[in-house]
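**Student:** Chains as they are written, first to last, in the working numbering: chain A, 1 to 284; chain B, 1 to 316.
By construction, these hints were calculated from the structure, which means they are not laboratory data. What you are looking at is a predicted structure, and each value in this text was computed from that prediction instead of being measured. Each residue gets a CB set at the ideal place from its N, CA and C atoms; glycine is no exception. It cannot be assumed that every hint is accurate.
Partner residues aside, some chain A positions facing chain B, computed with beta carbon under 10 Å [unchecked claim]:
#1 Leu15
#2 Gly20
#3 Gly23
#4 Glu31
#5 Leu32
#6 Arg39
#7 Ser40
#8 Ser121
#9 Leu122
#10 Val124
#11 Pro126
#12 Ala134
#13 Asp283
Label-pair ranges, simulated between beta-carbon atoms [to be verified]:
#14 A:Trp258 / B:Ala23: 57 to 63 Å
#15 B:Lys126 / A:Gly175: 46 to 52 Å
#16 B:Lys126 / A:Phe24: 28 to 34 Å
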Amino acid sequence: MTTTAVPVSSTRAALPAARGRAGFGGALRSELTKIRSVRSTYWSLLALVVITIGIGALFALGRVQNFTQVPVGFQAAERARDIAQAAETSLFGLIVGQLVIAVLGALTITSEYSTGMIRTSLSVMPRRGVSLAAKAVVFGAIALVVGLVTSFASYFVGQAVLSTHHLNSTLGHPGVLRAVIGGGLFLAVCGLLSFGLGAVLRHTAGAITASIGLLFVLFILSGFLPENWAVHIDKWVPFNAGGAIWENQSGTAMFSPWVGFAVFCAYAAIALGAGFVLFRKRDA
Amino acid sequence: MIEARGLTKRYGDTLAVDDLSFAVEPGKITGFLGPNGAGKTTTMRLILGLDHPTSGAVTVNGKAFAGLAYPMREVGALLDAKAVHGGRSAHNHLLCLAETNNLPRRRVDEVLALVGLTEVARKRSKGFSLGMGQRLGIAGALLGDPGILMFDEPVNGLDPEGILWIRNLMKALAAEGRTIFVSSHLMSEMENTADHLLVIGRGRLIADCTVPEFIAANSRQSVRVRTPQPAALSRVVAAAGGTVHEDGDGLMVVHGLGVSQVGDLAFDNSVRLHELAPAQASLEQAFMELTASSVQFHAGVPTERELQPANAGEVA
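Chain A on its own, in the form it takes in the complex (with noise of 0.2 Å):
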């Protein structure tokens, strides 16, 4: 490009008289901004949906599969069975999309920490309560729109599958809308989990493992557990009070739907609430 050497000649500028002061309408729109600006917010987000459905998609497939080899002396009951849980088996891509929106959550915090973006963010805004409290708002509503589309769809993709042999449920089902819209909602809340450790952890590394540790690890992990432990313990994992509210989780060992989502958006607020008090106290 070329330079020029002499500046313009006036570089003032007639600017509307400014009224109130810089505040949280201003920093949505700044967030808005900033995270349809960036290529990777396209790219996990259609990960997200892809994986998820796609995964859906299969073990659907893998139901039919399965039903296909069951004697037809059998078939009533798993048919009764299947549709049972139809719902859970096309929402079954939710264990990997989680970790998808985990990722976007994260990186919505520290890639400004990483790009150094943070030093001019908070140079304009340096209110920094305002600042974040509007990233996440539009991080949560997008994860939350983006959830239940990626939810919805892997549910009708999944009973079109389903229902080659009338194996499918409908939403009118008891706890289907519920499921499904469940699934969307548990999507939302990793992200916002996932954004908070972001927060406190500030490095995008750090916060994904932390996520994927807390989300996938643990719950894998408490699959070791003796039973007369497992008993006690099992629900309080985050990802089976998470999914209490999408998948049909049998026993009494684990918490019911409405009560594990909101344990687990205990969760999400503790990490939510240490990144908050940690953004405004620590230098940037």
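Using the hints, position chain B against chain A.
**Tutor:** Relative to chain A, chain B alone:
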């Protein structure tokens, strides 16, 4: 107006900023000088509230920075031109900054034109050269048309054309009545642009004065003399209380006496002079003398930088 009172910042065992009190006066270019690691950037971070002071306080127009109604309308800062998300276009980067302070969207295009980045407005900033990145940072600082502008080492790493551009820009901004607070370790840069100087070393304020005052107060007066009778001149100068430094080839530098005193002494004592001139002390020399004791990272062997004027390799 930026005012610091007893500003102190400690990182662990390191005292980065040590009891700084100063005022950056409105409508002037104030140069903030110090060797690398002296605490210049930390002070600027404290002004912007990026770091919290260990003790003391700093205000901008009488308020803490975070308390300003529209921070961008009062202070525009460029601390680190690389502090942007490289995946975002120049236009979107500026837009997300402008939106926080409810600035009109058209302002983004205005500042892009002002710094000459209109053509690359839609390009992602990760492909920008150092100079273009610097312009983007300056565009961001100008968005709110602020009365105070703060630049941390703005010419670092720029080519001569870029340095000239920044220098002219700062002068133009100051001519419009804005307050400019600019840090540098390049003395010559300050000599060319600054009205007032704040000099720090190891986090402490060691001078707060105008450029001529700084040179006058911190460099020993010296006179350059060329004579075919060096021994005779040395004798009379020493007798009059001056000191002589022989540079060989008949050239001598006299400290402690003025030009007229040296001339009169030579005439009175019949010493022939071939040359008599005041030696100009530069800001560079004054600064080196003043901060010699406060350089934080002294090399065991003097580096080239210490032997030469600090910016020998730079184009001033």
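**Student:** Each hint should be assessed against the structure and marked as holding or not.
**Tutor:** Going through the hints against the structure:
1. Leu15: Holds: closest Cβ of chain B sits about 5 Å from Leu15 of chain A, inside 10 Å.
2. Gly20: Check passed: Cβ of Gly20 of chain A comes within 7 Å of chain B, closer than 10 Å.
3. Gly23: holds (9 Å)
4. Glu31: Holds: closest Cβ of chain B sits about 8 Å from Glu31 of chain A, inside 10 Å.
5. Leu32: holds (8 Å)
6. Arg39: holds (6 Å)
7. Ser40: Result: holds, 7 Å to nearest chain B Cβ.
8. Ser121: holds (8 Å)
9. Leu122: holds (6 Å)
10. Val124: holds (5 Å)
11. Pro126: holds (4 Å)
12. Ala134: OK, holds: Ala134 of chain A within 10 Å of chain B, min 9 Å.
13. Asp283: holds (4 Å)
14. A:Trp258 / B:Ala23: 57 to 63 Å: Distance hint for Trp258 of chain A, Ala23 of chain B holds at roughly 60 Å.
15. B:Lys126 / A:Gly175: 46 to 52 Å: holds (48 Å)
16. B:Lys126 / A:Phe24: 28 to 34 Å: holds (30 Å)
Checked against the numbered hints above, the structure breaks none of them.
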